[in-house]
Amino acid sequence: MNIMPGIDSTASALQAEKLRMDIIGQNIANAHTTRGPDGQPYKRQTVQFEAKLLELGRDQNGNMQTAQGVNVRAVGTDESAGPLVYNPGHPDADEKGMVRLPNVNLTHEMVDLISASRSYEANLQVVRTSRQMAQQALRIGKA
Amino acid sequence: MIDDLMQRENYVLAKKLLDVSHAKQNAIASNLANVETPGYKRIDIQSDFEANLRKAASSNDVSEISNLQFRTVTDLSTPSVRADGNNVQIDQEMLRMQKNAIQYEFLANYTSTSLSRLKTAISGRV
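In the order they appear, the protein sequences are chains A and B. Per my numbering, the very first residue in the first sequence carries number 1214; after that it's consecutive. Per my numbering, the very first residue in the second sequence carries number 425; after that it's consecutive.
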């Protein structure tokens, strides 16, 4: 048994949400990148979460105690085509004067960013509560 | 003799409830960690545990309370409002967590107070 309940699940969640925010930041930073290292416009990156089973040890009756954490299964690439705009003065314009922009939608990214930061806050609140509980357990018999 | 004191119903009951509270915080942490995992179903302490504990407590048999088992189960009854099947509602989980934390604090304080009363009785000093 862990002295701070739920701390393993929360640790994995904080890590996953932080990675998600990193990826969103990368998408926003490259929202106008028309030429990446491969010569193609930037493709939006996505994060896929999956639940993972954590084994916390056994209780006094020998039953395995488990909790679920969260794992980043993969960082994927959104292969959908970005918008095509007419801008003949652009260095990446084709012979018809069209430029392929990245498939990053700033509105979507901002919504995702807020959702990630709210999840992060909720998990931080779990850490605070668990710490409080651990301190109370340690104070048993002292007062 | 001191063993008998520690085996009194109130200590055994408080211990069991602290254990449940701890397990519940574990479950809530799992749920909040997976608030955005596609297909995740929330977990909770089995819903009939409280009724079982009440029954055991009224039986006046301490071993029945300490032998009472509780399990963490997947909650499939809560409807999901999301297309991916995840049924965690962040506000509900936060409320459960606050409620559970207060319960834990009460139990920890209760145990401490009982122990200090015992100490006072032994030492004769207030």
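No lab work stands behind these hints: they were computed from the structure. These numbers come from a predicted model, not from an experiment. Take these hints with a grain of salt, some might be off.
No more than 25 Å apart at the CA atoms, straight line, and that leaves these computed lysine-lysine pairs for BS3-like [said to hold, decoys possible]:
no., chain 1, residue 1, chain 2, residue 2
1, A, 1265, A, 1231
2, A, 1355, B, 543
3, B, 479, B, 543
4, B, 439, B, 523
5, B, 543, B, 440
6, B, 440, A, 1231
7, A, 1355, B, 439
8, A, 1355, B, 465
9, B, 440, B, 523
10, B, 465, B, 543
11, A, 1355, B, 523
12, A, 1265, B, 543
13, B, 439, B, 465
Cβ-Cβ distance ranges computed for the label pairs, FRET-style [unchecked claim]:
no., chain 1, residue 1, chain 2, residue 2, range
14, B, 484, A, 1352, 27 to 33 Å
15, B, 498, A, 1293, 43 to 49 Å
16, B, 476, A, 1327, 38 to 44 Å
17, A, 1239, B, 530, 21 to 27 Å
Chain A stretches covered by chain B per the calculated footprint, using a threshold of three residues with CB under 8 Å from any CB of chain B [claimed, not checked]:
no., stretch
18, 1258 to 1264
19, 1297 to 1305
20, 1336 to 1344
Here a beta-carbon is modelled for each residue, glycine too, at the ideal position from N, C-alpha and C.
Against the structure, the hints come out as follows:
1. A:1265 / A:1231: holds (17 Å)
2. A:1355 / B:543: This hinted pair holds, its Cα atoms lying about 11 Å apart.
3. B:479 / B:543: violated (31 Å)
4. B:439 / B:523: holds (18 Å)
5. B:543 / B:440: The hint holds at about 22 Å.
6. B:440 / A:1231: violated (36 Å)
7. A:1355 / B:439: holds (17 Å)
8. A:1355 / B:465: It is violated: about 40 Å lies between the C-alpha atoms, which goes past 25 Å.
9. B:440 / B:523: holds (17 Å)
10. B:465 / B:543: Not OK: residue 465 of chain B and residue 543 of chain B at ~46 Å, beyond 25 Å, violated.
11. A:1355 / B:523: holds (24 Å)
12. A:1265 / B:543: violated (46 Å)
13. B:439 / B:465: violated (29 Å)
14. B:484 / A:1352: 27 to 33 Å: For residue 484 of chain B and residue 1352 of chain A the Cβ distance comes to about 31 Å; the hint holds.
15. B:498 / A:1293: 43 to 49 Å: violated (35 Å)
16. B:476 / A:1327: 38 to 44 Å: Distance hint for residue 476 of chain B, residue 1327 of chain A holds at roughly 42 Å.
17. A:1239 / B:530: 21 to 27 Å: For residue 530 of chain B against residue 1239 of chain A, whose Cβ atoms are near 46 Å apart, the range 21 to 27 Å is violated.
18. 1258 to 1264: holds (count 4)
19. 1297 to 1305: This one is violated; 0 residues, fewer than the three required, reach chain B with a Cβ under 8 Å.
20. 1336 to 1344: holds (count 5)
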